[in-house]
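Asks: Turn these sequences into a full structure, and let the hints steer you where they fit.
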Amino acid sequence: MKQRSISGSHPFVQCVLLTLALVVCGLTSSARAGNDQPAPVQLAPALDWREFAISPVSNPIFFEDPRIRTEVRLIYLFNRVSDDFGLNLGGTHVNLGGADIHAFGAQIRYALTPRLAIIATNDVGIVFRPDHPIPGTAFTNATGYSDLDVGLKYALVDYPAHQFLFSPILTYAIPTGGRNVFQGDNSGIFDVAFSAEKGFDKFHLIVNSGVRVPVDNDRNSTELHYSLHADYFVNQYFIPLVEFNGWTVLDSPNGNKGPLGAFNTAVNTEGADLINFGASNLEGHTQAAIGGGFRSKICRYVDFGVVYEHTVTSPEGAFEQRVTTDITIHF
1 MKQRSISGSH
11 PFVQCVLLTL
21 ALVVCGLTSS
31 ARAGNDQPAP
41 VQLAPALDWR
51 EFAISPVSNP
61 IFFEDPRIRT
71 EVRLIYLFNR
81 VSDDFGLNLG
91 GTHVNLGGAD
101 IHAFGAQIRY
111 ALTPRLAIIA
121 TNDVGIVFRP
131 DHPIPGTAFT
141 NATGYSDLDV
151 GLKYALVDYP
161 AHQFLFSPIL
171 TYAIPTGGRN
181 VFQGDNSGIF
191 DVAFSAEKGF
201 DKFHLIVNSG
211 VRVPVDNDRN
221 STELHYSLHA
231 DYFVNQYFIP
241 LVEFNGWTVL
251 DSPNGNKGPL
261 GAFNTAVNTE
271 GADLINFGAS
281 NLEGHTQAAI
291 GGGFRSKICR
301 YVDFGVVYEH
311 TVTSPEGAFE
321 QRVTTDITIH
331 F
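Take the sequence shown: its letters are residues 1 to 331, numbered as in the working numbering.
Misleading hints may appear alongside valid ones.
[Said to hold, decoys possible] Beta-carbon label-pair distances, calculated as ranges:
#, residue 1, residue 2, range
1, Val192, Arg115, 10 to 20 Å
2, Leu205, Arg115, 15 to 25 Å
3, Gln236, Thr325, 12 to 22 Å
4, Phe238, Arg115, 47 to 57 Å
5, Ile329, Val150, 27 to 37 Å
6, Gly188, Pro135, 27 to 37 Å
7, Glu51, Arg115, 36 to 46 Å
8, Cys299, His132, 44 to 54 Å
9, Val192, Gln321, 27 to 37 Å
10, Ala161, Ala106, 30 to 40 Å
11, Val192, Pro133, 33 to 43 Å
12, Asp218, Phe331, 37 to 47 Å
13, Lys198, His132, 43 to 53 Å
Keep in mind the hints are simulated off the structure, nothing from the lab. Because the structure is a prediction, the values reported are computed rather than measured. The C-beta atom is built at its ideal place from N, Cα and C for all residues, glycine as well.
Replies: So, in structure tokens, the structure goes:
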């Protein structure tokens, strides 16, 4: 009897055998694929928006960053007093000429918690060099230390998803400075302020404002200060920025108890951030400056910044132009 081969078998049998072969191959491939399947891709954690944020450079005593950090900030600034700085004596303007002010020192911020920090924002040496020294007066060559400003900063509102941070700030200027550089001649000055920042990925805006309230308002002026900062993170080494700073006298003392003594009623401008002359009759007087520069994140723990500013108000007085530089070390 002649045997029939598979190829010559009934078409139905061929179909069944082919189907079984495909099923077996499919199961084998599935098992092998299951054994060789790569592990799921692990996505890198998203960067905190604050990794791209930076601190302001100008107006270092009052323009506070809303972030809570532990850091040491080394500062140097050169301030040019305008040639129009002078006194109004009996209706006659007496020009005292310009002067150079150099200030250098350190700020310390220590984060007690992720939301609360102790800050020391004003601890600098001051060198005052008038173009035309007047012996026997305050307008002569002098070197001394500033008052010491210490206080607290608290991150009251922190919305990472909205890239928004709001921090109220309270500092007190302890009158420890040298009177020969217009410091220390007061009973202390409180600064009640806030700082807020809004991020738009690599673009950031910071606004800061506060009121300086002297303990003795017969000796020092009450001033409103306000600042604005905008930056764009091009890369870690180049973050261009623009900044605006303003100071408006809300209340000025009567008499001659302030640092300028009998000249309190004659000076034509206040001292902006470095000095509170306690000048009389200057309610409503505003000084303002705008500047530009950049900050560089040299590495994860070190920043460098520089800003040049020029006044935009008249008289220019104690603040004609300024260069501020800093190096900040984060911990």
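Asks: Would you mind marking each hint as holding or not holding in the structure?
Replies: Hint check results:
1. Distance hint check for Val192 and Arg115: the Cβ-Cβ separation is about 19 Å, which falls inside the suggested range of 10 to 20 Å.
2. A hinted range of 15 to 25 Å holds for the C-beta pair Leu205 and Arg115, which are about 21 Å apart.
3. The given range of 12 to 22 Å is respected by Gln236 and Thr325, whose C-beta atoms sit roughly 18 Å from each other.
4. Range check, Phe238 to Arg115: Cβ separation about 31 Å, and the 47 to 57 Å hint is violated.
5. Checking the proposed 27 to 37 Å range against Ile329 and Val150 shows it is violated: the Cβ atoms sit about 19 Å from each other.
6. One distance hint, 27 to 37 Å for the beta-carbon pair Gly188 and Pro135, holds here, with the actual separation near 31 Å.
7. Taking the beta carbon of each, Glu51 and Arg115 are about 18 Å apart, not inside 36 to 46 Å as hinted.
8. Distance hint check: the CB atoms of Cys299 and His132 are about 45 Å apart, consistent with the given range 44 to 54 Å.
9. About 29 Å separates the C-beta atoms of Val192 and Gln321, a value consistent with the hinted range of 27 to 37 Å.
10. Checked against the hint of 30 to 40 Å, the C-beta distance between Ala161 and Ala106 comes to roughly 35 Å, which is consistent with it.
11. Our hint of 33 to 43 Å for Val192 and Pro133 holds, since their Cβ atoms are close to 37 Å apart.
12. Between Asp218 and Phe331 the C-beta distance comes to about 42 Å, which sits within the given range of 37 to 47 Å.
13. Judged by the Cβ atoms, the range 43 to 53 Å given for Lys198 and His132 holds: they are separated by roughly 46 Å.
In the structure shown, a violation is registered for the earlier hints numbered 4, 5 and 7, in ascending order.
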